[in-house]
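Number of protein chains: 2
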Amino acid sequence: MALIRSWLDSANDAGCPFPLNNLPYGVFSVAGDMPRCGAAIGDMIVDLAECETRGLLDAGGTFARPQLNDFMALGRARWDKVRARLTDLLAEGSAGDVPLVPMADATRHLPIQVTEYTDFYASRNHAFNVGVLFRGPENALPPQWTHMPIGYNGRASSVVVSGTPVRRPMGQVKGESGPEWVPCRRLDLELELGAIVGQPSQMGSRVSVDGAEDMIFGYVLLNDWSARDIQAWEYQPLGPFQSKAFATTISPWIVTQAALEPFRCKGAERANPLLPHLQESRPGLYDLAVGWSMNGQVMCRTNYNVMYYSSAQQLAHHSSSGCPMRVGDLLGSGTISGPSPDQVGALLEMTEGGKTPITVAGRARIFIEDGDEVTLFATAQGDGYQIGFGPCTGTVLPAQP
Amino acid sequence: MALIRSWLDSANDAGCPFPLNNLPYGVFSVAGDMPRCGAAIGDMIVDLAECETRGLLDAGGTFARPQLNDFMALGRARWDKVRARLTDLLAEGSAGDVPLVPMADATRHLPIQVTEYTDFYASRNHAFNVGVLFRGPENALPPQWTHMPIGYNGRASSVVVSGTPVRRPMGQVKGESGPEWVPCRRLDLELELGAIVGQPSQMGSRVSVDGAEDMIFGYVLLNDWSARDIQAWEYQPLGPFQSKAFATTISPWIVTQAALEPFRCKGAERANPLLPHLQESRPGLYDLAVGWSMNGQVMCRTNYNVMYYSSAQQLAHHSSSGCPMRVGDLLGSGTISGPSPDQVGALLEMTEGGKTPITVAGRARIFIEDGDEVTLFATAQGDGYQIGFGPCTGTVLPAQP
Numbered sequence: 001m002a003l004i005r006s007w008l009d010s011a012n013d014a015g016c017p018f019p020l021n022n023l024p025y026g027v028f029s030v031a032g033d034m035p036r037c038g039a040a041i042g043d044m045i046v047d048l049a050e051c052e053t054r055g056l057l058d059a060g061g062t063f064a065r066p067q068l069n070d071f072m073a074l075g076r077a078r079w080d081k082v083r084a085r086l087t088d089l090l091a092e093g094s095a096g097d098v099p100l101v102p103m104a105d106a107t108r109h110l111p112i113q114v115t116e117y118t119d120f121y122a123s124r125n126h127a128f129n130v131g132v133l134f135r136g137p138e139n140a141l142p143p144q145w146t147h148m149p150i151g152y153n154g155r156a157s158s159v160v161v162s163g164t165p166v167r168r169p170m171g172q173v174k175g176e177s178g179p180e181w182v183p184c185r186r187l188d189l190e191l192e193l194g195a196i197v198g199q200p201s202q203m204g205s206r207v208s209v210d211g212a213e214d215m216i217f218g219y220v221l222l223n224d225w226s227a228r229d230i231q232a233w234e235y236q237p238l239g240p241f242q243s244k245a246f247a248t249t250i251s252p253w254i255v256t257q258a259a260l261e262p263f264r265c266k267g268a269e270r271a272n273p274l275l276p277h278l279q280e281s282r283p284g285l286y287d288l289a290v291g292w293s294m295n296g297q298v299m300c301r302t303n304y305n306v307m308y309y310s311s312a313q314q315l316a317h318h319s320s321s322g323c324p325m326r327v328g329d330l331l332g333s334g335t336i337s338g339p340s341p342d343q344v345g346a347l348l349e350m351t352e353g354g355k356t357p358i359t360v361a362g363r364a365r366i367f368i369e370d371g372d373e374v375t376l377f378a379t380a381q382g383d384g385y386q387i388g389f390g391p392c393t394g395t396v397l398p399a400q401p
Numbered sequence: 001m002a003l004i005r006s007w008l009d010s011a012n013d014a015g016c017p018f019p020l021n022n023l024p025y026g027v028f029s030v031a032g033d034m035p036r037c038g039a040a041i042g043d044m045i046v047d048l049a050e051c052e053t054r055g056l057l058d059a060g061g062t063f064a065r066p067q068l069n070d071f072m073a074l075g076r077a078r079w080d081k082v083r084a085r086l087t088d089l090l091a092e093g094s095a096g097d098v099p100l101v102p103m104a105d106a107t108r109h110l111p112i113q114v115t116e117y118t119d120f121y122a123s124r125n126h127a128f129n130v131g132v133l134f135r136g137p138e139n140a141l142p143p144q145w146t147h148m149p150i151g152y153n154g155r156a157s158s159v160v161v162s163g164t165p166v167r168r169p170m171g172q173v174k175g176e177s178g179p180e181w182v183p184c185r186r187l188d189l190e191l192e193l194g195a196i197v198g199q200p201s202q203m204g205s206r207v208s209v210d211g212a213e214d215m216i217f218g219y220v221l222l223n224d225w226s227a228r229d230i231q232a233w234e235y236q237p238l239g240p241f242q243s244k245a246f247a248t249t250i251s252p253w254i255v256t257q258a259a260l261e262p263f264r265c266k267g268a269e270r271a272n273p274l275l276p277h278l279q280e281s282r283p284g285l286y287d288l289a290v291g292w293s294m295n296g297q298v299m300c301r302t303n304y305n306v307m308y309y310s311s312a313q314q315l316a317h318h319s320s321s322g323c324p325m326r327v328g329d330l331l332g333s334g335t336i337s338g339p340s341p342d343q344v345g346a347l348l349e350m351t352e353g354g355k356t357p358i359t360v361a362g363r364a365r366i367f368i369e370d371g372d373e374v375t376l377f378a379t380a381q382g383d384g385y386q387i388g389f390g391p392c393t394g395t396v397l398p399a400q401p
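Protein sequences, first through last, are from chains A and B.
Here the first sequence is numbered in full-length UniProt numbering, starting from 1 and rising by one per residue.
Here the second sequence is numbered in full-length UniProt numbering, starting from 1 and rising by one per residue.
Where hints are given, some of them may not hold.
Same chains, same label: a pair holds when it works inside one copy or across any pair of copies.
Claimed, not checked - Below, simulated SDA-like cross-link-like pairs (lysine to any residue); rule was C-alpha separation at most 25 angstroms, straight line:
#, residue 1, residue 2
1, 174, 132
2, 174, 128
3, 174, 362
4, 174, 341
5, 266, 109
Please keep in mind that the hints were generated in silico from the structure rather than gathered at the bench.
With the hints as constraints, model all of the structure from the sequences given.
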């Protein structure tokens, strides 16, 4: 697929993350006015609420709300219609009377009200690497791992938008002579993609992998900040809890499934066939270059296509017990890690559990220090255009003992 | 404390679960009209929405809503004021012009919109018994267990009100020659108390145990239905997921902290001192007789005072990383199990992991069969009165393969 040219010049630049092919959705405000829905195009934001007011498009008034949940609830047919209409309005040759706000003037807000947050564990490299560090090589990969997506319920209340500072957590850790209450000493990031559920499922019913695809509105970058020392002490037998609950950062723009469609691809090789309800009728991953940087230095470049399970498979599994899914549910992909040390999505893996320091801007690092800025990035490379997510950034503040 | 007499005779009966001392809150409707807030008294429900309309009390119009979240958000001073006013209105000698609906005519609804659901693990007997079955006696009690409340995030979307049928889940389990996709074969209950968070905390701040007490609006009975075969296959290393996600049943009435205050008592003996942020300035448990029945036969009687951690300690721990708590958060206590087999809150323990069948109404049982009705109950015994919760009931429907 080639670039769809816009009358807005900045959208036609080959390096622009927001060409007309992308049109990601977010929530923004300007100079403290009411947050409302927008779409990114070039270096501007389309004021979608104002578009509705002017009668340029019809989303049932939902774009005036401070989150995209109500728009998502309208369903895929409306998503497609609004996207087609926006593409028409912004395409080269169109009249061009579209209300735009310079992106540089706008504040981005959390694009959805996060209903519930579930985090998965779908990179085999990551699961193995972390398993070795927590449980040794013989118990590294749990026996069920290649048979179903493993996930746990995370905490929705602490999901924040890119740019929000992240406070280092206090927590209980295992000390030399008993438990200690300390500032986290092993603060880490996790490079993930987050899938946004845009349509509900009923309690007691299951969703197929194809049905799950239809429910996914789009994707964000997601940093599942992790306190490894708190995690090691708390996580058996019920899983991570406070070690993950203090903050999860997502990027401000939701890149739609439609924008990613040209980049659809297969994931990692299967170790065994999946049970029928988890099988997919077409490849469910995306060829999406992802990575992360610290204090401006790129530390990792990998690809989302290393994953073993797609978001649609994870969503199908999530509903497999009859668990009802809701508009605004956020599903973390799990840490995206490739096979080599410069392809891993967490410091725990990169430093081999803290044994091998790395160098960031000339200084040694094992885990994240106060003042460090961590940024996730992602790009799908099309023919003369890119699909970007905008950065997913957070700076770490000192703990408050 | 003695019975507070009401002009409503049915509330003065020594066996009535809803005397004027109780006044639990719920949401009800009659003959399909709009769900609204009510309070149970004797065999009647006070129509709190109509009370506001008539100017009998002031809750800012929140009682007309189909959940108690907006009322809870008003805060403890208002909770106390409304309770005092209701007590005046219903007390013997009062004029008695209060809108009442016969409880028998009303449908009960979920009393709150469950924001997020967290489940803990605070009975030492239960943690040890289940630990033996899942991991053997030497690894039964995790080393951190006596140092902090262990919990995990559950699924809020599948919390239902008492009386809602529960569909047996399908799920992936470990088979003889690989994973199988089957109806759950080891369906279990968990007898728990649920604490309802009525006030929020800020992200990045921590709540003390005393502060946590102030945030708790009240308590419900909670059945954390569990699919033990699905759980055994999925739960390592990230904890229970689909094995718990299909349904959680709560009782329709929220018994307030105020009603339970006379029953405050100490919990289980401590194995070691707690770190300062988890220490309580006064006992945090309640002398509350709890139990469960199956198909009308009482199978277990125990007491909430066997627990090792109070809901306030659990809430303090929940916020210890800086995790923000919100109005409507639901915290499960963990299964309430006393030391003997007729005091345990789950079939997994009662049947020793399925090895020792029990007899229910003349028929052998290991786990829950289709058509079985499980009911939790709880009573605090005062001086000439009782505080009840109303039943927490669910009947199991066959799986839909």
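Now for the hints, and whether the structure bears them out:
In this assembly of identical chains, residue 174 and residue 132 lie within 25 angstroms of each other by CA distance both inside one copy and across copies; the values are 19 angstroms within and 23 angstroms between. For the identical chains of this complex, residue 174 and residue 128 are neighbours both inside a copy (24 angstroms) and across copies (21 angstroms), given an alpha-carbon limit of 25 angstroms. In the homo-oligomer, the alpha carbons of residue 174 and residue 362 never lie at most 25 angstroms apart, since the shortest distance is 31 angstroms inside one protomer and 50 angstroms across protomers. Taking the shortest Cα distances, residue 174 and residue 341 never come within 25 angstroms of each other, neither inside one copy (28 angstroms) nor across copies (34 angstroms).
In the homo-oligomer, the alpha carbons of residue 266 and residue 109 never lie at most 25 angstroms apart, since the shortest distance is 33 angstroms inside one protomer and 45 angstroms across protomers.
Hint compliance for this structure: hints 3, 4, 5 are not met, and every other hint is.
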